[in-house]
Amino acid sequence: MHVLLISDTHFPDRVTGISQLLRRVKEYEPELILHAGDLTDAEVMEELERIAPAVAVQGNMDEANGLELPVRKLFEIKGRKILLHHGRGVHPRGDLNTLVYMAEEAGADVIVTGHTHTPIFEKIGKITVINPGSPTVPRFSPKSFMVAEFGKIIEAKLIKL
1 MHVLLISDTH
11 FPDRVTGISQ
21 LLRRVKEYEP
31 ELILHAGDLT
41 DAEVMEELER
51 IAPAVAVQGN
61 MDEANGLELP
71 VRKLFEIKGR
81 KILLHHGRGV
91 HPRGDLNTLV
101 YMAEEAGADV
111 IVTGHTHTPI
121 FEKIGKITVI
131 NPGSPTVPRF
141 SPKSFMVAEF
151 GKIIEAKLIK
161 L
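Numbering (our numbering), first residue to last: 1 to 161.
Check each hint, because a few of them may be wrong.
[Claimed, not checked] Think about it this way: if two alpha-carbon atoms lie no more than 20 Å apart in a straight line, the pair counts; the simulated EDC-like pairs of lysine to aspartate or glutamate are:
hint: 1; residue 1: 160; residue 2: 122
hint: 2; residue 1: 73; residue 2: 105
hint: 3; residue 1: 160; residue 2: 29
hint: 4; residue 1: 81; residue 2: 122
hint: 5; residue 1: 143; residue 2: 122
hint: 6; residue 1: 26; residue 2: 46
hint: 7; residue 1: 160; residue 2: 27
hint: 8; residue 1: 26; residue 2: 43
hint: 9; residue 1: 73; residue 2: 63
hint: 10; residue 1: 81; residue 2: 104
hint: 11; residue 1: 78; residue 2: 31
hint: 12; residue 1: 157; residue 2: 31
hint: 13; residue 1: 26; residue 2: 47
Everything labelled a hint here was simulated from the structure, so no lab data went into it.
Using the sequences plus the hints, can you model the full thing?
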């Protein structure tokens, strides 16, 4: 399944427009979009849902902006159990051991996370940790999102903006 992974869009609190980002997302013709939190406005989700079915979880900035989203979401794609979780409450921020533990506790073999604004695709033991970075306010990396294929093999391509 062709899945677009995105996080930390922070619209409109840190960026003024997302039309260019949405055009890039459309280019990849995703079958599903997973947003790992910090949308900060319902418009982001509405626009993503016009492109493909979309699932989002609450980031640390979402609740203050009135977005009621689940803190985490566990589901299955092509036999892979995936935990979607922003990563808030993980200390130190983005700690891989803590993220792996969260995935294991949830019975997932993949965790898609955000919060650090820095992309990562790493297999640690039996758990694959994926963070698509941020397409609007990255940290120590280019603006980005990821396109992934889930199946026997998990593949993800970093899309730099």
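| field | residue 160 paired with residue 29 [C-alpha distance capped at 20 Å] | value | holds (16 Å)
| query | Under the criterion that the straight-line Cα-Cα distance not exceed 20 Å, is the pair residue 143, residue 122 satisfied? | reply | Since the Cα atoms of residue 143 and residue 122 sit roughly 19 Å apart, the hinted pair holds (cutoff 20 Å).
| Taking only the CA atoms, is the gap from residue 26 to residue 43 under or equal to 20 Å? | holds (16 Å)
| field | Satisfaction of hint between residue 122 and residue 81, Cα-Cα up to 20 Å | value | The given pair, whose Cα atoms are some 16 Å apart, holds under the 20 Å limit.
| task | Decide if the proposed pair is consistent with the structure: residue 81 and residue 104, CA atoms, cutoff 20 Å inclusive. | result | holds (10 Å)
| query | For the pair supplied as a hint, residue 26 and residue 46, is the alpha-carbon distance within the 20 Å limit? | reply | holds (14 Å)
| task | Compare the distance between the alpha carbons of residue 73 and residue 63 with 20 Å, and conclude whether the hinted pair is satisfied. | result | holds (16 Å)
| query | Is the hinted pair residue 26 and residue 47 satisfied, with a Cα-Cα distance of at most 20 Å? | reply | holds (11 Å)
| Going straight from one Cα to the other, do residue 73 and residue 105 come out at no more than 20 Å? | Roughly 13 Å between the alpha carbons, so the hint for residue 73 and residue 105 holds.
| request: Quickly compare the C-alpha distance for residue 160 and residue 27 to 20 Å and report which way the hint goes. | output: Cα-Cα ~13 Å, so holds.
| Straight-line Cα separation of residue 157 and residue 31 no greater than 20 Å? | holds (15 Å)
| task | For the pair supplied as a hint, residue 78 and residue 31, confirm whether the alpha-carbon distance does not exceed 20 Å. | result | holds (13 Å)
When the structure is compared with the earlier hints, no violation turns up for any of them.
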